[in-house]
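Chains as they are written, first to last, in this note's numbering: chain P, 16 to 413; chain B, 3 to 241.
It is worth saying that the hints were derived from the structure and are not from the lab.
Wrong hints could be hidden among the right ones.
If the Cβ cut is set under 10 angstroms, some of the chain B residues that face chain P in the computed set are [claimed, not checked]:
hint, residue
1, E101
2, R153
3, S230
All C-beta atoms, glycine included, are put in the ideal place defined by N, C-alpha and C.
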Amino acid sequence: MLVGVDFEPGTQGGPFPHWLNKRANPLPRSCPGDGWKVFVPHSSASARIVKVALCILPDTVAAHVLEVCDLSIQPHRAGICRRCWPSGPLDPLTVTEFLQQIVNGLALGAIYALIALGYTMVYGVLRFINFAHSDLFMLGAYAGALIAPRLGTLLPLGGVANALVTLVLAMAICALLGVLIEILAYRPLRDRPRLVVLITAIGISMLIEQVAQNGRLGFGPEVRRFPALIPDVTWHLGGVTLGSTSVIVFGVTAVLLALLTWTVKCTRVGMAMRAVAFNEKAAALMGVNVNRIISFTFAVGSALAAAGGILFALNFGKIDPLMGVQPGLKAFVAAVLGGIGNLPGACLGGIVLGVVESVVGGNPRLTSYRDAVAFAVLILILLLKPEGLLGHRTKEKV
Amino acid sequence: MKPPLLDIRDLQVCYGAIEALHGISLSVNEGEIVTLIGGNGAGKSTTLRTVSGLIRARAGGVRFAGEDIGQCPPHEIVRRGLCHVPEGRMVFANLTVQENLRMGAYLQRDASVVAREMEYVLGIFPRLRERSQQAAGTLSGGEQQMLAIGRALMSKPRFLMLDEPSLGIAPLLVKTIFEQIVAINRDRGITLLLVEQNANLALEVSHRGYVLESGRVTLTDAAAALRSNAEVRKAYLGG
Numbered sequence: 016m017l018v019g020v021d022f023e024p025g026t027q028g029g030p031f032p033h034w035l036n037k038r039a040n041p042l043p044r045s046c047p048g049d050g051w052k053v054f055v056p057h058s059s060a061s062a063r064i065v066k067v068a069l070c071i072l073p074d075t076v077a078a079h080v081l082e083v084c085d086l087s088i089q090p091h092r093a094g095i096c097r098r099c100w101p102s103g104p105l106d107p108l109t110v111t112e113f114l115q116q117i118v119n120g121l122a123l124g125a126i127y128a129l130i131a132l133g134y135t136m137v138y139g140v141l142r143f144i145n146f147a148h149s150d151l152f153m154l155g156a157y158a159g160a161l162i163a164p165r166l167g168t169l170l171p172l173g174g175v176a177n178a179l180v181t182l183v184l185a186m187a188i189c190a191l192l193g194v195l196i197e198i199l200a201y202r203p204l205r206d207r208p209r210l211v212v213l214i215t216a217i218g219i220s221m222l223i224e225q226v227a228q229n230g231r232l233g234f235g236p237e238v239r240r241f242p243a244l245i246p247d248v249t250w251h252l253g254g255v256t257l258g259s260t261s262v263i264v265f266g267v268t269a270v271l272l273a274l275l276t277w278t279v280k281c282t283r284v285g286m287a288m289r290a291v292a293f294n295e296k297a298a299a300l301m302g303v304n305v306n307r308i309i310s311f312t313f314a315v316g317s318a319l320a321a322a323g324g325i326l327f328a329l330n331f332g333k334i335d336p337l338m339g340v341q342p343g344l345k346a347f348v349a350a351v352l353g354g355i356g357n358l359p360g361a362c363l364g365g366i367v368l369g370v371v372e373s374v375v376g377g378n379p380r381l382t383s384y385r386d387a388v389a390f391a392v393l394i395l396i397l398l399l400k401p402e403g404l405l406g407h408r409t410k411e412k413v
Numbered sequence: 003m004k005p006p007l008l009d010i011r012d013l014q015v016c017y018g019a020i021e022a023l024h025g026i027s028l029s030v031n032e033g034e035i036v037t038l039i040g041g042n043g044a045g046k047s048t049t050l051r052t053v054s055g056l057i058r059a060r061a062g063g064v065r066f067a068g069e070d071i072g073q074c075p076p077h078e079i080v081r082r083g084l085c086h087v088p089e090g091r092m093v094f095a096n097l098t099v100q101e102n103l104r105m106g107a108y109l110q111r112d113a114s115v116v117a118r119e120m121e122y123v124l125g126i127f128p129r130l131r132e133r134s135q136q137a138a139g140t141l142s143g144g145e146q147q148m149l150a151i152g153r154a155l156m157s158k159p160r161f162l163m164l165d166e167p168s169l170g171i172a173p174l175l176v177k178t179i180f181e182q183i184v185a186i187n188r189d190r191g192i193t194l195l196l197v198e199q200n201a202n203l204a205l206e207v208s209h210r211g212y213v214l215e216s217g218r219v220t221l222t223d224a225a226a227a228l229r230s231n232a233e234v235r236k237a238y239l240g241g
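Looking at chain B on its own, in the form it has when it is part of the complex (with noise of 0.2 angstroms):
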């Protein structure tokens, strides 16, 4: 079998003197759509940080596509094609819709290719169409969630993370969102790893998902049996 795209083993990670993540071990396979789900503080959004660089791990290592990216810089983990799009979408609000894109691409020195991606990623979002020379902290949250997805999908990643894709978004955007999400991974193959309060919609398009719980990996299996599972149920999906 193929080693997973993503494997992470037994991460340690630590803010100031509180341990966050007490050794999480998780791996993503090529093509998958993979969830954790997990409270407040279960140390969701911390595993994506570190794995993108952006927080460095105490202990444990973070290898992708085989190769120990731990100790790489965020930029040189983009150059790789691991890409996070943050919780708070984190647009550059003093930038037009169609400079973010540009930013998206910024390793991208060929502007044919450039000017590919902007097609599809407008082709996708045609809101961003609409609104491409206006300033992106003009836009409403939905369409900045799309920007954030749209800005990384033109740095043409073979991996995108995705923390809280539907946080504070009118109902019918996330529905758009997570439609583009399921084809985003159809169709341009991208692996996937999702971080998602709704659990339930973020289940329901993926294969796997994993339970984190106070900085523990507590439960894994394929996201169909998680939804039926008893106590996750009860815990994370409402009932």
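Bound-form chain P, shown alone (with noise of 0.2 angstroms):
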């Protein structure tokens, strides 16, 4: 955050901050004053990239961006034109900001970590995009919403015990859910072009949507609020505030990766998941039933959707028939970016995602942006790594 930092187009010349112009200059300690200059042309590539850096990272680590980038020897390249840049000074992110933005993009991208296995679980088995997966996300946080306020009245549990229940019975729906839509819409379809089963995916998708938002077949168009399921509290650790809610994310997220990587690496149905993805008809001819492993493919990847819209629901404290849609285009995003059909690359993709929108979200002059920079995210991973950060190239063995 070059706090004063004027970035002018024009390709050569003009005043630049001093360690800019000069290497061997010691960095600033501070935030650079105001009325410097970055001239940079208008197409510099590599000033885009720079113009992200500077932007996501506080000064003093923004500065040394710019200097291990080597920029002093070519400014030109560096910096931000003001024709493509929002006019005015950007904020200042301090580093307890940004430690907060870190803590806050790790509880996003855990969210975004657990509906992206199921996408990354069922392209594994099925190699097709289940597009009606983030209605499932939304689902789950109405199971939540509905399930809550009832549960109090007839279980006198304490409150994280009722939370506890409430997330087990929307998980336990939705995986319902999940394997119902299988076998209703995508089984009949096995062997047609996948193309057909993915437009049937956004068809499901549009279905569950329209009915939701309908007063009398579903819950309503209106946002409605989510219920607190457990006892707001925060904690100050240094300046970074930590909530309740967070905590519970990640307590929940943690809990869930480890009883699925459990499930795939040690047991018999795990296995069987392994060796239906890899190949569907070697798996059937050692006894495997391939249908009842993709119905519970579904399952455990609708569960984990659920167990996602109650923590996202949890923390932004509304819902709405909508709501799936823009964290489930997220966390598909997040499923390629880790590799489609890698699950470990599907954690990994949620967390740098979340991380990545928190942070560049956390400033207040980019904050509308957050959105944009997870599809950029998206369109650079297909460009420079097809196969994503954890995926591998696909070689067909002859």
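Put the two chains together into one complex; each comes in its own frame, and the hints tell you how they fit.
What follows is the structure, given as structure tokens:
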């Protein structure tokens, strides 16, 4: 957040900050003062990358970035043109704020990871993107909102136990719904081209959203308050605030990830899942009931989406029938970012995306760009590393 | 006389509009090794895939141990003791050798039986023991074939179908694999149906053979007789 650095169009010359001009000069200890100008050409690709770096990093770090990028030698390639940039100086993001955004980003990323796992698991076994997945996320949140108040009157449990039962019930309901969707909509199309199934998935997604928005059939279009399932407590660590919701998000995600890892790595059904993902026919020749494994995959993926939905609703306090759309798309980006079909990749992708989005969004001037950043990440990944961070390039062996 | 273990009657199979098998009939008796020979596209692999349930027949029937299995899904057929080692081996490259073998015993819930079978397979293919913790994708072609056969044996089959077990494998390993095929048949009484491009080698270990040509059985005889048949020699055994 280079305060007061003025970005002007142009290619050469101009007054640069002293540490941009002379490499040997020591880095500034504090924010550079007002009135500096950085001149850059409009179309420099490296300038755009530096632009993002400058905006999301605290300025002491940003100065290092400029130094490491050797921009003191070619200063005209650094910085941002004013025409491409919101006018006025960027607000500073202190180290504390930066850390705060990292914490927020990790919580958001954990939720993305939970949703992304469902996308990637279904892709692993069926090689298509289940676009209705984001609606199971929404249904999970609604299930939670509907169950929680009734549960309170039925079972006189403590708050945390109540929250836990709500979570488990919502996950079970969504698991069932996920399996049902697969059996009714996708299974009859198993031998058709992938595109047919993909379009069906989009159709199912729209169907669920429309029904949910309908007041008589579904929940109605209005935004609802999500019940506070857990007492709201905040802790202060240094300058960083940590809410009980974030802690719950981390805790629940960690437990679910551990359970999933154990299931996939150590159990018979997990081994069968991996076998089906690798080669459905060969798995069938081992005596695996492929349909049952696919149902199981949908159940697990949908349950994770439901958990993500409840955590998301808990984090933001409100739900609506279209709440799944944005997080669903982001989680899809996360799955691609990590390498679609790869479980650790989906988690990593979710966390990375959540952190990047929060850090960018944490800057008041850039808040409206936070979604654009997520999709810019998708485009970059597709351009530079289509197999994703942890994915493998698929090789056809003859 | 006992009815054959596998009895295929008038099997017709289509890929889309193209008929690949025009009514094949063949049978395999308990304890036999039978080979299907024939050129590319003769329908050998299609026959095996239809028997194991990967492809549905358009007409005709497949009976195994006296029961009609024509409409069964693949996992039901494996449950009955009929196991298919497909062409191209299809080992699970993302799983370790040991996990691949455990997948073979997927239907076997008794851990002690699985352990015993695992010991047997690792005994006949010691190479697999050395590599048991390695991902199967890192094995050589011959080792993968051993793994594919070992994996099939893990299900304790009565009947094993092997599709091109020597394809793309070093000659020394081919010898090992065929020795084990004979041993499996002799020691464990497993009935075998082989599809093999190396017809000479296959007929050497077999009791009987069928010659397939463009989706039809054109000749059947004892293996020794096929090997001395002038036409078979000319077409498949290199003169």
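Among all the numbered hints in the text so far, which are the ones the structure does not match?
Hint 3 is the one this structure does not satisfy, whereas the remaining hints hold.
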